[in-house]
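> Each chain is listed here by its residues.
There are 2 protein chains.
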Amino acid sequence: MKRYERVAAALQQRMDHGLYRTGDRLPSIRELCAEFAVSVSTVQTAYAELESAGLVEARPKSGYFMQARRRHGLLPAPSRPAQRPLDVSQWDEVLALVNQAEHEAGLRLGSGSPDLTAVTLKPLRRELSALYRRNEPALDNYDTLAGSLALRRQLARLAGAAGTSLHEDDIVITSGCQESLSIAIRTLTTPGDVVAVDSPSFYGSMQTLKAHGLKALELPTDPRSGISLQALELALEQWPIKAIQLTATNNNPLGFTMPDERKQALVRLAQRFDVAIIEDDVYGDLAYTGPRPRTIKSWDEDGRVLLCSGFSKTLMPSLRLGWIAPGRYREQALHMKFVSTGATATVPQLAVARFIERGGYERHLRQAVRLYQRNLAVILGWIQSLFPADIAVSCPQGGFVLWVELQGVDCVKLNARLQRNGIQIAPGVVFSASGKYRDCLRINLVRADAEVKAALQRMAQEVDQLRSR
Amino acid sequence: MKRYERVAAALQQRMDHGLYRTGDRLPSIRELCAEFAVSVSTVQTAYAELESAGLVEARPKSGYFMQARRRHGLLPAPSRPAQRPLDVSQWDEVLALVNQAEHEAGLRLGSGSPDLTAVTLKPLRRELSALYRRNEPALDNYDTLAGSLALRRQLARLAGAAGTSLHEDDIVITSGCQESLSIAIRTLTTPGDVVAVDSPSFYGSMQTLKAHGLKALELPTDPRSGISLQALELALEQWPIKAIQLTATNNNPLGFTMPDERKQALVRLAQRFDVAIIEDDVYGDLAYTGPRPRTIKSWDEDGRVLLCSGFSKTLMPSLRLGWIAPGRYREQALHMKFVSTGATATVPQLAVARFIERGGYERHLRQAVRLYQRNLAVILGWIQSLFPADIAVSCPQGGFVLWVELQGVDCVKLNARLQRNGIQIAPGVVFSASGKYRDCLRINLVRADAEVKAALQRMAQEVDQLRSR
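As given, the protein sequences belong to chains A and B, one line each in that order. Offset between the first sequence (1-based) and the numbering used here: plus 270. Offset between the second sequence (1-based) and the numbering used here: plus 270.
Check the hints yourself; a few may be wrong.
Since the list can't tell identical chains apart, any single copy or any two copies may satisfy a pair.
Below, simulated EDC-like cross-link-like pairs (lysine to aspartate or glutamate); rule was C-alpha separation at most 20 Å, straight line [claimed, not checked]:
1. K480 - E507
2. K392 - E406
3. K480 - D463
4. K480 - E601
5. K706 - E275
6. K723 - E627
7. K480 - D357
Hints were generated in silico from the structure; no laboratory data involved.
Isolated chain A, as found in the complex (with noise of 0.2 Å):
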């Protein structure tokens, strides 16, 4: 290895275990120079290496910058899902996924669950402990149906602080955004309609077209950029379609965020052709660069956006704790969350609301968002070293989950081979009404420890054992 050489592997692998963040700025050539005892020129050469990978930027008179958008191998291609209403299936796989308890499975790397274990979560459980020590009768009886004002006015502000204007009566509070989606799915739709998704697409909601009889049109969706609007366009064209239904901000599994000027572009669509949209918006608070992106719902004139989200990808699953903003849809939606759950546990609400007034949820999120940012660089180079160079890989602006493209590689044979080794991986088949992404897999970024790297690694044996045959 070259000196220079040497330099820029140093540089790369504290990139990738975090040392840096993006748009940190690097140490400067004199500093290099010092700490590997070298000349000028071969740090001039390693920062070159570096900027030419892409991982790095120079900033005349500045120095030398950890990118924002580091290349890392190639980005998985734009999906090419047939153009068709299609019968939801995967449901066997769904369960699979999401039926396994902690404990089955020694490293659930398919899992969609955020870090539990930050000390910032502590003041919310301390918050629910209390509320319950309090032996307040008034705590146990049915919420009203939208849900705690309390809870409502902070979720307000919170949107209006984002750039989505909301008042606390445009907002319900539901059991999780899962009951979200249910709800918009079932206000908007009866049996035999057809639904437009992104591709990949989160499988809670599609199942849920599934179960309710629906048919799902899977949309060509970009990897940086999200869901083709042209082949949207077309798709209404051609077919009646009664929603559009999407992960705009911190995708999953995709983790891409749609530039602003294609959500309002969406939004005119659906006004022309007069649809609705389900935007799934529970991971809209993880970007790990700030501003937070603006909602799809923001640029809604006429309220036919039904804004979906939960505190399950950002505080707790268990909370089962969601929300919904259903525009003109208010009343119906109102009538299925009462026959769905018929209210929400009162004191999860009350305990969010309080740990989002006193900053405790800005606070965590901060917390949360360093740890995937840091963890997506350490599991990427990680991946680069252990995979072929040919595999594709996203590139998350937010969230927490990273998607695997391994060219010719059944994932849902790999999963299997891998949980026999107590590892579990989300086989990108789920993702699909229809079976497509195969040869895709989604891993969670909550940990990048010792445990996480042997899997990899083990997953790199099994791809190459899979590839050869």
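Here the structure of chain A is known, so what remains is to put chain B in place on it, guided by the hints.
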């Protein structure tokens, strides 16, 4: 007032105020002679009077006992709803009923909430508080889809002890009985289908029919013994009924429990016509006299009964904790559970499992049932003394609601008048698909204090005014 009348009135007042409970042995003739300074024949005449009123029972050589089924004026006549499938209406009235926060109305006599002030609930709140205080990330994750094994084991054990043989794997935990009912209905039907229901019927399940585009066929229902099986048989011959939905034990709002032989006959009828039964058993644990009534499910031979229950009526609504034993429909019900709310909150499940295991649940039930039975006696006494003799009142065998029929009084109007005085009742119309039972109302038996008595006095005045117009 004659002497024997004075003695009888005193005894009746004590029974009304709950000094004696159903089945209690009443004071001996000798004791009463001493207390009232009257002759043996006077006390004998007093007891004969009470006996002929159905309030006490003479048992040879044992003495006098308070009657299990007290007669208190008229029972409502069996209902006679239209025998054809109807669209469900009354959502505005239901919304007005359920959407009133505790603080908005002074006295919520229309509430469906149980007693939340009992000291026997404190250990449960302590469990909840302690579990959150443990700061254990594993408790904050998504639970498995079927719910906590610890809780399902306790539920299977309780069911078994009450004659319903269930395995822990037969049970799916839900976010409250309303979710169970919603899952059951969505599992069995598609829009346009017909569901037969008891009538009056729980508004939550009827609104679920409405929300999913189903039609209700209301069955004539006897306030002592439940739905007319003859009418059901005719309806099954005439209409393509997909399911029968009813509350057969401690019915809401009528309070009856269908006799065992009628429950059995219902199962045979369902078998013959190959329809499913949705059994709402949410009040089932609240029978005033033992043993715990058997469920319809306990006679289910081929998995066609979907048993729905929860802890909102026995513990606290805000736990949002229920379950469903969906029989042969388990796979579809599990799918519906997944798309409905994803999973159920973990901590409440574990807390309730422990509470049951340590005997807290049965201890609380005993206390609650005693309270409701005592309050029933007191409130019946007040109604007898305050209202005209021609009104009819249900004869609950369990639970904490009373159904009152005020011939010729519009109870929607009555409710509006009472609300101006901070009193809320549940007007009968919400218990019908089609706005029947306009002269009925349901009142809650959880409290029987001076405020409730004053509310009943106010109600009697309003009734008087409404009738005289």
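> Hint by hint, which ones does this structure get wrong, listed from lowest number up?
1, 5 and 6
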